[in-house]
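Below, each chain spelled out in residue letters.
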Amino acid sequence: AQSVTQLGSHVSVSEGALVLLRCNYSSSVPPYLFWYVQYPNQGLQLLLKYTTGATLVKGINGFEAEFKKSETSFHLTKPSAHMSDAAEYFCAVLHNTDKLIFGTGTRLQVFP
Amino acid sequence: DVKVTQSSRYLVKRTGEKVFLECVQDMDHENMFWYRQDPGLGLRLIYFSYDVKMKEKGDIPEGYSVSREKKERFSLILESASTNQTSMYLCASTPNRRWDRDLAGELFFGEGSRLTVL
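Heads up: the sequence lines are chains A and B, in that order. The first sequence begins at 1 in the numbering used here and counts up one residue at a time. The second sequence begins at 1 in the numbering used here and counts up one residue at a time.
These are calculated hints, taken from the structure and not from any lab test. Bear in mind the structure is a predicted one, so any value in this text is a computation, not a measurement. Each hint can be trusted.
Derived lysine to aspartate or glutamate pairs resembling EDC-like cross-links, with alpha carbons at most 16 angstroms apart:
(1) A:Lys-99 - B:Asp-100
(2) B:Lys-55 - B:Glu-69
(3) A:Lys-99 - B:Glu-30
(4) B:Lys-53 - B:Glu-72
(5) A:Lys-78 - A:Glu-64
(6) A:Lys-99 - B:Glu-56
(7) A:Lys-99 - B:Asp-59
(8) B:Lys-53 - B:Asp-28
(9) B:Lys-70 - B:Asp-28
(10) A:Lys-99 - B:Asp-51
(11) B:Lys-3 - B:Glu-72
(12) A:Lys-99 - B:Glu-106
(13) B:Lys-55 - A:Asp-98
(14) A:Lys-78 - A:Glu-66
(15) B:Lys-57 - A:Asp-98
(16) B:Lys-55 - B:Glu-72
(17) B:Lys-18 - B:Glu-79
(18) B:Lys-71 - B:Glu-22
Here are the in silico distance ranges between beta carbons for each label pair:
(19) B:Tyr-10 - A:Thr-5: 28 to 34 angstroms
(20) A:Gly-62 - B:Lys-3: 23 to 29 angstroms
(21) B:Asp-26 - A:Ala-54: 29 to 35 angstroms
(22) A:Glu-64 - B:Gly-40: 22 to 28 angstroms
Just so you have them, the derived chain A footprint on chain B, three or more residues with Cβ under 8 angstroms:
(23) 44–52
(24) 103–117
Note that CB positions come from ideal geometry on N, CA and C, so glycine has one too.
Modelling step: build the complete structure from the supplied sequences, incorporating the hints.
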């Protein structure tokens, strides 16, 4: 069965600091991996995804993630946090062709 | 832009009531999903549908049913609401990507319906 594990339910950073949100996956087949973001009082929206090919994936708002097969990881990073990045972030893996299995989420706080 | 609309942002119901959560999408998507979101548990799939009148159980279908009479509308039904169904409910849709896996997994979400059962 496929699954993802997000390490850390809450992450706090100062504005301008590096953002690192951790996600590890388990999959018996080559995984398709996703990061979604949920801003306060909104639904989720796609931030970025990895399917095949280049292992460093760039998404919206300056975020990127690197697929590392040897570490079964797909961590999300951003070099410099903005106050507007405060949100909840979900890692997900594609099951079959259309079902997404989500992690438990990481809430990012950004302090001035 | 794709728009997924959930009929109610906030609902308060009493134990034992029948509850309908409605979701409508305007982009002719074949696939629709109902997730439940709880703190510390993330999103869990309740039911999904690949086409009109089709439905499949997700990971936590107990206590829920669904209806998909029209392609654009997917309803979640709580036959007899209980307090442990107090939660945020998220609807999502996506085109059928079975023949193009590289495009799969891109869900479009509604803003959510926060249900409180007293």
